[in-house]
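**Q** Let the hints inform the model, and build the full structure from the sequences given.
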Amino acid sequence: MDMDAAAFEELVIDELDLLPDDMVEALENVVFVVEDRPEDGSLDLLGLYDGLALTERTQYGMGELPDRIVLYREPHLAQCENQDELRDEIHTTLVHEIAHFYGIDDEQLHEMGWA
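In our numbering, the protein residues as written are 22 to 136.
Hints are computed from structural coordinates only; laboratory data are not their basis.
Only a predicted model underlies this, so the values are computations on that prediction, with no experimental measurement involved.
Ideal Cβ positions, reconstructed from N, Cα and C, are used throughout, including at glycine.
One or more of the hints may lead you astray.
Stated by the list, open to error - Label-pair distances were calculated between CB atoms; the ranges are: (1) Asp42 x Gly62: 34 to 40 Å; (2) Glu102 x Glu46: 18 to 24 Å; (3) Glu106 x Ala26: 14 to 20 Å; (4) Glu77 x Asn103: 35 to 41 Å; (5) Gln129 x Asp71: 18 to 24 Å; (6) Asp23 x Glu85: 33 to 39 Å; (7) Asp65 x Gln129: 16 to 22 Å; (8) Ala99 x Glu49: 30 to 36 Å.
**A** This is the structure we're talking about:
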């Protein structure tokens, strides 16, 4: 599948807007970023939570750099055949990475069907 960066970012924004309010209301000091590929250039990683989970924070507050949730465009496009599949995969990746913000690990996500 082929899609330019601007169109992909629009899909990410659309899917973020569709997430339940109770999932996104507590996201504080978090930015969402779209990059083409992970640093290693692979097509295996769809997203990344780069930050400190709520369950691990002690003295977190003003002046801290924001946590980042990164979605990788090219791996998503490589795994999807059409726009409906892409939307579903973006949605799943967003939920997965937001769950890491809340301290939910990959094992728990797998049990819940989000990994």
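**Q** If a hint holds in the structure, say so; if it does not, say that too.
**A** Each hint tested on the structure:
no. : hint                       : result
1   : Asp42 x Gly62: 34 to 40 Å  : holds (36 Å)
2   : Glu102 x Glu46: 18 to 24 Å : violated (34 Å)
3   : Glu106 x Ala26: 14 to 20 Å : holds (19 Å)
4   : Glu77 x Asn103: 35 to 41 Å : holds (38 Å)
5   : Gln129 x Asp71: 18 to 24 Å : holds (19 Å)
6   : Asp23 x Glu85: 33 to 39 Å  : holds (38 Å)
7   : Asp65 x Gln129: 16 to 22 Å : holds (21 Å)
8   : Ala99 x Glu49: 30 to 36 Å  : holds (33 Å)
Violated hint for the displayed structure: number 2, the only one.
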